[in-house]
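For reference, the chains in residue letters:
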Amino acid sequence: MVRRAAGLQSGLFCLLVMGIGSVARADGPVVDKVYDPYVQPLEREIELRGIVQNDSNATRDEIQLYQLGVGRSWSDKWWTEAYFIGKQVGDGGFALQAFELEAKWQMTEQGEYWADWGLLFELERERQVDIFELSTRLLVVKEWGRWVTTANVGVNYEWGDDIVKEWKTSLAVQGRYRLSRAIEPALELYVGQNHAGIGPVLTGEFRPGIGKKLNWEFGVIIGVDGNSPDQTWRGLIEYEF
Amino acid sequence: MAALYRSGSLLLLVLSLTALPAAAAKPEFKIEIRNHLFEPSELVVPANTKIKLIVYNRDSTAEEFESYELNREKVVMGNRKAVIFIGPLKPGTYPFFGEFHPNTAQGIIIAE
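Residue numbers (the numbering used here), protein chains in the order written: chain A, 27 to 267; chain B, 417 to 528.
Calculated directly from the structure, the hints in this document are not laboratory data. None of the values given here were measured: they were computed from a predicted structure. Treat the hints loosely; a few may be bogus.
[To be verified] DSS-like, lysine-lysine: derived pairs with alpha carbons at most 30 Å apart:
#, chain 1, residue 1, chain 2, residue 2
1, A, K59, A, K191
2, B, K497, B, K442
3, B, K468, A, K238
4, B, K446, A, K59
5, B, K446, A, K239
6, B, K497, A, K113
7, A, K168, B, K506
8, A, K168, B, K442
9, A, K191, B, K468
10, A, K103, A, K238
11, B, K466, A, K239
12, A, K168, B, K466
13, B, K497, A, K239
14, B, K446, A, K191
15, B, K468, A, K103
16, A, K168, A, K59
17, B, K446, B, K506
18, B, K497, A, K168
19, B, K446, A, K238
20, A, K103, B, K442
21, A, K59, A, K113
22, A, K239, B, K468
23, B, K442, A, K191
24, B, K466, A, K113
Sequences and hints are given; from them, build the entire structure.
This is the structure:
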């Protein structure tokens, strides 16, 4: 029974990655960070992440998006973070585009089950137009020895006076090799409307002091079809204290 | 819409399966944190078996059990306990330490 249950979960994980990936198509920027489901009590964080999109199609070229976030945990299950989101297109000026609130729920203890599970909730409000977006992402992590696979499966809903109401889905998958604390190579896959891409990412962690961590991520996602941007560079730096 | 329905159904299936019993009873081990030291500081556990480690923090301040080798980090609040699931581990030694008192709170897990 136990083996059967584990087998069911194993099969389901593959189904999530392959099945939803084949149908997921969302619009807007798809490349983001891949979330794990873990929450630690007493954790506070300042985060800066950004993407730079390049493409031979001028309408998708030279787009930069940055997020500045401040977050904290409330228990060993719940984490919240608030973001300011800014955007720059081409030589146009940088402008604050949106605000976002995020809540993460760690559903299972790390290592207790065949995989680790969590949920992420996000509410985004555009600043200059009447557009809201509510997102829910299922966060799944599976360890395979020194390899760690993380999948985020999202369902989003957009509404407001300045947008046609719309449901969207998204998928992000990261395969990461735990080489060392300082540097871990990874491969990431993103699928959404007008974007299907895959590419290498490096992640790592430094300890500037007791109880403090500096996490970084940097990589490039290459579009795999004509609808996707040629390259999306992404970077992230998090200071935990 | 069909894609959305399909995604939603899968999500519900995932959430329901989360409640399934995923493993048989795991061997339990206990460690205490006292005066910013792990007691015992050396723990022998069976290799190739998932274990349940219960960490009791007898100090009034929080400590973080951390190990890159075990791929685990867990904050244990003062005068509280935390449960950490580890493994299955290959035979070998796996160091861990207390993130908030790394100079004193150190230990090792030996899988054999």
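Now for the hints, and whether the structure bears them out:
1. A distance of roughly 25 Å separates the Cα atoms of K59/A and K191/A; the hinted pair therefore holds under the 30 Å criterion.
2. The straight-line distance between the Cα atoms of K497/B and K442/B is roughly 18 Å, inside the 30 Å bound, and the hint therefore holds.
3. Restraint check for K468/B and K238/A: satisfied, since their Cα atoms lie roughly 27 Å apart, inside the 30 Å limit.
4. Taking the CA atoms of K446/B and K59/A, the gap is about 36 Å. The hint is violated against a cut of 30 Å.
5. Annotation: proposed proximity of K446/B to K239/A holds, straight-line Cα distance about 28 Å (limit 30 Å).
6. A distance of roughly 45 Å separates the Cα atoms of K497/B and K113/A; the hinted pair therefore is violated under the 30 Å criterion.
7. Between the alpha carbons of K168/A and K506/B the distance comes to roughly 17 Å, so the proposed pair stays at or under 30 Å and holds.
8. Of the pairs offered as hints, the one joining K168/A and K442/B holds, with about 19 Å between alpha carbons and a cut-off of 30 Å not exceeded.
9. Taking the CA atoms of K191/A and K468/B, the gap is near 47 Å; set against the 30 Å cutoff, the hint is violated.
10. Taking the CA atoms of K103/A and K238/A, the gap is about 20 Å. The hint holds against a cut of 30 Å.
11. Among the hinted pairs, K466/B with K239/A is consistent with the structure: their alpha-carbon atoms are about 28 Å apart, no more than 30 Å.
12. A threshold of 30 Å between alpha carbons decides the hint, and for K168/A with K466/B the separation of about 15 Å falls inside it, so the pair holds.
13. About 24 Å separates the Cα atoms of K497/B and K239/A, which keeps this hinted pair within 30 Å; it holds.
14. Restraint check for K446/B and K191/A: the C-alpha separation of about 53 Å exceeds 30 Å, so the hint is violated.
15. A distance of roughly 19 Å separates the Cα atoms of K468/B and K103/A; the hinted pair therefore holds under the 30 Å criterion.
16. Between K168/A and K59/A the CA atoms are separated by roughly 17 Å; this keeps the pair inside 30 Å, and the hint holds.
17. With a C-alpha separation of about 20 Å, the suggested pair K446/B and K506/B falls inside the 30 Å cut-off, and the hint holds.
18. Between K497/B and K168/A the CA atoms are separated by roughly 25 Å; this keeps the pair inside 30 Å, and the hint holds.
19. Of the pairs offered as hints, the one joining K446/B and K238/A holds, with about 27 Å between alpha carbons and a cut-off of 30 Å not exceeded.
20. Between K103/A and K442/B the alpha-carbon distance is near 23 Å, which keeps this suggested pair within the 30 Å criterion.
21. For a cut-off of 30 Å, the pair hint linking K59/A to K113/A stands: about 17 Å separates their Cα positions.
22. Taken as a hint, the K239/A and K468/B pair is honoured in the structure, with Cα atoms around 27 Å apart against an allowance of 30 Å.
23. For the suggested pair K442/B and K191/A, the alpha carbons sit about 49 Å apart, so the restraint of at most 30 Å is broken.
24. At most 30 Å may separate the alpha-carbon atoms for a hinted pair to count; K466/B and K113/A exceed this at roughly 47 Å.
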